[in-house]
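As given, the protein sequences belong to chains A and B, one line each in that order.
For the working numbering, add 622 to where a residue sits in the first sequence, where the first one is 1.
For the working numbering, add 622 to where a residue sits in the second sequence, where the first one is 1.
Hints are supplied without guarantee of correctness; some may be wrong.
Copies of the same chain look alike in the list, so a pair counts if it works inside one copy or between any two.
Dumping the calculated BS3-like pairs for lysine-lysine here, alpha-carbon to alpha-carbon at most 25 Å [as the list claims (entries may be wrong)]:
{"id": "1", "residue 1": "Lys-682", "residue 2": "Lys-954"}
{"id": "2", "residue 1": "Lys-1082", "residue 2": "Lys-1107"}
{"id": "3", "residue 1": "Lys-1045", "residue 2": "Lys-1034"}
{"id": "4", "residue 1": "Lys-954", "residue 2": "Lys-825"}
{"id": "5", "residue 1": "Lys-875", "residue 2": "Lys-729"}
{"id": "6", "residue 1": "Lys-723", "residue 2": "Lys-859"}
{"id": "7", "residue 1": "Lys-723", "residue 2": "Lys-712"}
{"id": "8", "residue 1": "Lys-712", "residue 2": "Lys-729"}
{"id": "9", "residue 1": "Lys-702", "residue 2": "Lys-729"}
{"id": "10", "residue 1": "Lys-679", "residue 2": "Lys-921"}
Rather than coming from a laboratory, the hints here were simulated on the basis of the structure.
A quick note: this is a predicted structure, and the numbers were derived from the prediction, not measured.
There are 2 protein chains.
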Amino acid sequence: MAKELKELTNREENYSQWYNDLVVKAGLAETSAVRGCMVIKPYGYAIWEKMHEVLDKMFKETGHVNAYFPLFIPKSFFSKEAHHVEGFAKECAVVTHYRLKNDPDGKGVVVDPEARLEEELIVRPTSETIIWNTYKNWIQSYRDLPILCNQWANVVRWEMRTRLFLRTAEFLWQEGHTAHATREEAMEEARRMIRVYADFVEKWMAVPVIIGHKSDSERFAGAEDTLTIEALMQDGKALQSGTSHFLGQNFAKAFDVQFANREGALEYVWATSWGVSTRLMGALIMAHSDNNGLVLPPKLAPIQVVLIPIYKGDEELEAIVSRLDEMAAELKAKGISVKVDARDNVRSGFKFAEYELKGVPVRLVIGPRDFKNGTVEIARRDTLTKEVVPQEGIADRVAGLLEDIQRNIYDKAVKFREEMTTKVDTYDEFKRVLDEKGGFILAHWDGTPETEEKIKEETKATIRCIPVDAPEEDGVDLISGKPSKRRVIFARSY
Amino acid sequence: MAKELKELTNREENYSQWYNDLVVKAGLAETSAVRGCMVIKPYGYAIWEKMHEVLDKMFKETGHVNAYFPLFIPKSFFSKEAHHVEGFAKECAVVTHYRLKNDPDGKGVVVDPEARLEEELIVRPTSETIIWNTYKNWIQSYRDLPILCNQWANVVRWEMRTRLFLRTAEFLWQEGHTAHATREEAMEEARRMIRVYADFVEKWMAVPVIIGHKSDSERFAGAEDTLTIEALMQDGKALQSGTSHFLGQNFAKAFDVQFANREGALEYVWATSWGVSTRLMGALIMAHSDNNGLVLPPKLAPIQVVLIPIYKGDEELEAIVSRLDEMAAELKAKGISVKVDARDNVRSGFKFAEYELKGVPVRLVIGPRDFKNGTVEIARRDTLTKEVVPQEGIADRVAGLLEDIQRNIYDKAVKFREEMTTKVDTYDEFKRVLDEKGGFILAHWDGTPETEEKIKEETKATIRCIPVDAPEEDGVDLISGKPSKRRVIFARSY
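Same shape as in the complex, but just chain A:
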């Protein structure tokens, strides 16, 4: 591991390689034998599990229930909603057969040509179609509404260029799909859920986000409005971290889902959908980590505190580990997750490097002198600083420190974003800032797809969002010179 750590690419030299090294070497995920599909390793999965647990609780507190819908979607369903098919039905895994058989030539197995499906099935890239086809049977009257369902599932989008967590052919996510009697209620739901996402990402992942609307061209296929949370990574690129869509009556019309209102008249149902995915893992890793490895926010760290002995000989090891075990018990009693690493086949320096790489927020070390003095060395991962403190009262001290670290890495990320957010008023300035500094660029936009497209083509920057709280301000579009009422956020992005 110490050797591996040395091999971690320097972040400033090659950010992209640094990211990939980090994901692999910290044991979060790795590529698999299947192109574009990743293996999420136990340490990475433990973080995702924690995210899942917290988000699931937040969904339930806002009145949602979980359900499960089929992995496969009949091909014809994708043609039903015109915009949806344009946006989604391109790069999908297509199931055409349902049986293998022994190769007549004796070389393993082959697809049985006689077992061809009448209609091909698509592995879900998202589930609006199959779910609205199901809701049709669940909804007759206004009394059946709202339906507030969420699903935790795997989905597949056949991406050509993949990166662990950020863009993989298969990924894990949750997708909420709700049905409402009125436009206003559905819009309120879409807003509620983007706020839940923002809360989660800020309070648990310690990553500040900006809530805003997507422009028409960046909107989800089939939505009337897409709300997004946009986070800034340390290389100055934006990462879309979650979206919540107001779908209008598009899917209800495509799948003929009507309800009888209080007056008995039939109306089409209003819809939302919203999702976050294992992509959040990418955001978590990229927002905080450094050249020593991961920096995990304490609230999501699988191991919050690691305890390591420094010793000579078995007798000293035993005595110190016994003291560490006592401290570990005190910490656990406070709900803190701990690991005592008493391995005697690796040096303590190796252990230090390993847990730094893995982003464990706090390290406690007892050596012979500490053992004698009743002290302990306490080191924090975020600042890489350490001090020697009394063993007495360590649990309270660590609990406080974990809160400090959570706050500190959030504050640091906010400060970074502030420094990396630039107002520009000319296209030349725009291009210069984008190339020399990166980050979020606040600029006026006339609201037309023409300007947006030209900027995207020439600079690869896109409109990340029109912030919901953007103040009114008179200005002119960078390209067209036409009037604009507020600034939007441009950035290059993942």
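Based on these hints, arrange chain B on the given structure of chain A.
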């Protein structure tokens, strides 16, 4: 719902239709637009979620961690383990293409013939192959062992005849895959996990099971030993509820996974795999339910107590509901999950029937007289009995009652199984008992596949298991007359 309840098929008339009605009408699951794939509805999913939560905790307490492996498996992987391909590679969903395109004739979308995969991908029917291909990179030395991984996932087996929960093309499950340095350690792991399953099914689902070994012909494809837990349903048929396999070195050899032992010599790794699935939902439903609907064990019931007002007029409704809300708060404080049903658009009789159908273990009702007298009517779902008791101390009473119900439905299932277990010593008796009574039949078997096959062909009964605790007893095989040392369990099964 009261109307729907009337339409619940009588269990004694048509068990199979009763089961299907129950699953659909109680809101557990339904069929979908995709052949053989089900939709797990919120009420059913809430039970599965609880099972997931409890099992996951048990797995972690026995030292396991979760991870996630790809949905797709390259076709060639299935040919690597000879027995595995025989048992599994037949009925699978096969992905052959990765892109759709707009139909040139303008009729929706078609599969793009140019986007054909070089090697077809199989939607995982189980993950031994992809996981052992991954473990190859994780294991070098004895220090890397054991690996104790579990995965919660969806899997697909293209079943021709499907039944909700019991046999569906797609189902949810967990699959543990462990790697060990010695045969004995792997065998102990396989035994440990079948005991975990037995514990869960008996203590949480209130379904008694018999732990035993599968015969050679019923063993998992690629296993050297398959341990099973077998439960008895109310129609006298057996349901295999979970399996744990000792895989020997078969997958290690197929994927060339070796480790350096303490002496530095290379050895193949020993393996186990073990799984339970949404099939457990079928067992839960069929083991306890009756002609009024589901009977859920309190420990897995999404709603443990429903509180219903009986009233005339808004004022009385408000007063009684306010009292019910107080009681609900008392119950919640004890960790009991409750629902107050204050709907004013359905009769209380309708509500009673609805919650009986949904198997809610305890119902509390306050009417005007109870309100005045400080009493409450308490009804239990398992026995359909009720009594009027003081409101005071209701939380303790309900907590005790929930324990009683859990115990009672388990005891009832044990008693049923005892009555339905028959020792037979001749083939004529075997056939008579099977046709007239069903259940578990304890009979001698000479250990040959010939006897087993003949009985299966002629009676559709199979050897469910060779119980691990079967006492030694001299006897003779029903068919061959050859000597046998212990009885095995035969039954017709799901």
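Structure-based check of each hint:
no.	hint	result
1	Lys-682 - Lys-954	between (27 Å within a copy, 16 Å between copies)
2	Lys-1082 - Lys-1107	within (24 Å within a copy, 77 Å between copies)
3	Lys-1045 - Lys-1034	within (21 Å within a copy, 73 Å between copies)
4	Lys-954 - Lys-825	within (22 Å within a copy, 28 Å between copies)
5	Lys-875 - Lys-729	between (50 Å within a copy, 19 Å between copies)
6	Lys-723 - Lys-859	neither (49 Å within a copy, 32 Å between copies)
7	Lys-723 - Lys-712	between (30 Å within a copy, 6 Å between copies)
8	Lys-712 - Lys-729	between (33 Å within a copy, 15 Å between copies)
9	Lys-702 - Lys-729	between (42 Å within a copy, 11 Å between copies)
10	Lys-679 - Lys-921	both (15 Å within a copy, 20 Å between copies)
The structure does not agree with numbered hint 6 stated previously, though it agrees with all others.
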